[in-house]
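Protein chains in written order, with my numbering: chain A, 8 to 376; chain B, 230 to 609.
A hint or two may mislead.
[Unchecked claim] List of simulated lysine-lysine pairs, BS3-like, C-alpha gap at most 30 Å:
1. LYS196(A) <-> LYS278(B)
2. LYS367(B) <-> LYS569(B)
3. LYS80(A) <-> LYS367(B)
[To be verified] A partial selection of chain A residues facing chain B, derived with a Cβ cut-off under 7 Å:
4. LEU18
5. ALA22
6. THR72
7. ALA105
8. GLY236
9. VAL322
10. LEU326
These aren't lab readings, by the way, just hints derived from the structure by calculation.
Each residue gets a CB set at the ideal place from its N, CA and C atoms; glycine is no exception.
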Amino acid sequence: MPRYDIPYVNLPAQADEEMPELAAIFDRVVRRGSFVGAGAEIERLEARLAEYCGTRETIALNSGTDALFLALKVAGIGPGDEVITPPNSFIASTAVIAHLGARPVFVDVLADQNIDPAALKRAITPRTRAIMPVHLTGRVCRMDRIIEIAARHNLLVIEDAAQSIGSMFQGRKSGSFGHFGCFSAHPLKNLNAMGDAGFVTTNDAEAAARMRDLRTHGMADRETVEEWGFVSRMDVLQAAILDYRLDKLPDVIAKRRENAALYQRLIKHEKIFVPPCRQDEFNTFHTFVIQADRRDDLQRHLRAIGIKTAIHYPVPIHLQPAAAGLGYRKGDFPATESQAERILTLPVNQYMSAQDVEAVAGEVLAFYR
Amino acid sequence: MTRIDLPLQPNGTKVQWSYLPRQFNEQSIEQILDRLRAFIPTGDFTLGKPVREFEERFARLIGARHAIGVNSGTDALKLSLKALGVGPDDEVITAANTFIATIGAIAENFARPVLVDCTDNFCMDVSKVEAAITPRTKAIMPVHLAGQMTDMPALMEIAARHKLPVIEDSCQCILGAIADRNAGTFGLAGGFSLHPLKNLNVWGDGGVIVTNDDEFAVKLRRLRNHGLADRDSVVMLGCNSRLDSLQAVIGNWLIDQVDFITTTRIKNAAYLDGELGKLSQIRLPQRYNDRRLVFHLYIVFAERRDELLAHCRNAGVEAKVHYPIPVYRQEGLQPLGYRKGDFPVTDRHADAMISLPAHEHLTAKQLAYIVQTISDFYQS
């Protein structure tokens, strides 16, 4: 028997806590018999998310990937355009750019894994149309500098906020800086549905209306097809679940921040980079990613004693087979590449006790002794 | 004949279009909730065990080697075309009278939909396909609309002659068949919808692709999940288009009933055919001895259709029209350059079609009431 049983995520605990309310939600939605399309649940969730994120509009969609895709699509990104983004994200942020026929242009990241504004500035060409910063791990990028660069060069900013609901920079919520904020409500996110779900935030009412047509076949009403569309609706069932869980989100974030703060206090070691919380930042710790020597050995050791960890993400996007056509090579993004070998995501979920966090921190330190 | 009257349903009609309130009643909701209570604690929400189980059962049901669960029927078509490598400047031949999603799936891959007219069974007129083939044609996508069947043996012969792959839009045709061969198993792949108003329906958007081609199946599995071959290797440009595990739990509960749903609809349609066929103002679509038509929609051609539609609705029969404006005349398609009159059969249908409830939750009395309502209209 391993010494510990500390899971990376704990969906069973969430199920335990919420089952009666969830069953009531299912019952209510099923009896209404309205599973698909913009109904009361969708409108209510959209209004509440807009208020929470500090934007005029929210558009509920099928996934975070689709949120990015539709934002770029409505922004008019297409063949010949370049979109600047970091190579250390989940594959989806790059894939949507390529799907629209545009070219992803990668720039390297800072020690905190977020896009480097200086490198970003250097990557701008006459073909650059948009910047897609990724608020990785629930930390908002340096949006003051990014917005300034974008304004000077007349570029759109589309925030990949898939991991950063509720995160803030200089007191402003992620998703409220750029033209669009793109969120995921995947089952492993801080605000999580029970299947795929996502949404876009924006202050642009016209773009929001167009997105609402595009998510349902491009139909303005049952008989009129305005333009080619897609099927990218958030299931009404998932919207009802998210509406319920949105009330709990502040507590989820508070608990994760508490766990992260404990890690920050406990893990002090020259061989380990622990993600900081700077003055301007309110980090929500979708993931708590340390950077450490002999990472693979450390992960193996922790697994053997019953502590589950993860790696987000072991292979940078520019080195994936799917990216071969973009012409990047190993060595192009030194920070990203070196981090890929050193990053390790420790469990930080809201169901962990202080003792769990202390145990993980203690074992990490013990490994290097 | 004794006159029939019926009590009002909760939505104010007497013969409801939607069967959802009957399908998901006190008892069935409790059964399904029990399954969900067992499933939710597993946390297996993304491509989990229920999805694998559903895929296996669906493949068996249709008689295909593989079934791949995706986010919607539209995505089933879109991903199939993507897996074929359909892209800019390619042409895909499909039916002029289909639901917008078929065309959307082609356009989403930047390809050009080339339309052909339909016959009196609402499916592509196969005799017109050959004339539509050009050097840029990359695939043929017949649509088994309304639970009817395209003449697949003839179409497959043409496709083979021109070495063109066929993707069947079977979204409305689960268990439709020609000589016992099911829709979706003639071509390289078939796309199905699990939308809440389909014959096999889940509690949100959902779809399935079936194929007998092992390599094609692997490609589709990667395409639906970000192009991932495993958790860390992205081998192709993919999408996020997965059937939710939660929806697969519903699908697994319902799939046992598909035979009952199908046979009941066929029985209801046969009754309506027999009774409505007696009216000179109603014309039935083509019927066949060797085909199983599954009546996702029960459609007939009616004289003075718009008046009949209004009359039905006044009498509490929730009739509809699928679809009053043919897709080729939609604003979104104007760049394709088609004009009113290009597809005369489709146009004629658009003016005469009426869809009547024929679902498995209708009572004999409700069916008779539909007939009575329509007879009344033409006798008055």
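To see whether the hints hold, each was checked on the structure:
A threshold of 30 Å between alpha carbons decides the hint, and for LYS196(A) with LYS278(B) the separation of about 20 Å falls inside it, so the pair holds. Between LYS367(B) and LYS569(B) the alpha-carbon distance is near 26 Å, which keeps this suggested pair within the 30 Å criterion. Taking the CA atoms of LYS80(A) and LYS367(B), the gap is near 25 Å; set against the 30 Å cutoff, the hint holds. A cut of 7 Å between beta carbons decides the hint on LEU18(A): the least distance to chain B is about 3 Å, and the hint holds.
Interface hint at ALA22(A): satisfied, since its Cβ lies 4 Å from the closest Cβ of chain B, which is below the 7 Å cut-off. The criterion of a C-beta within 7 Å of any C-beta in chain B is met by THR72(A), whose closest approach is roughly 4 Å, and the hint holds. Interface hint at ALA105(A): satisfied, since its Cβ lies 5 Å from the closest Cβ of chain B, which is below the 7 Å cut-off. At about 6 Å, the closest approach between the beta carbon of GLY236(A) and any beta carbon in chain B falls short of 7 Å, and the interface hint on this residue holds.
Interface restraint check for VAL322(A): the shortest CB-CB distance to chain B comes to about 5 Å, inside 7 Å, so the restraint holds. Hint status for LEU326(A) relative to chain B: violated, with the closest Cβ pair at about 10 Å, above 7 Å.
Consistency with the previously given hints fails for number 10 only.
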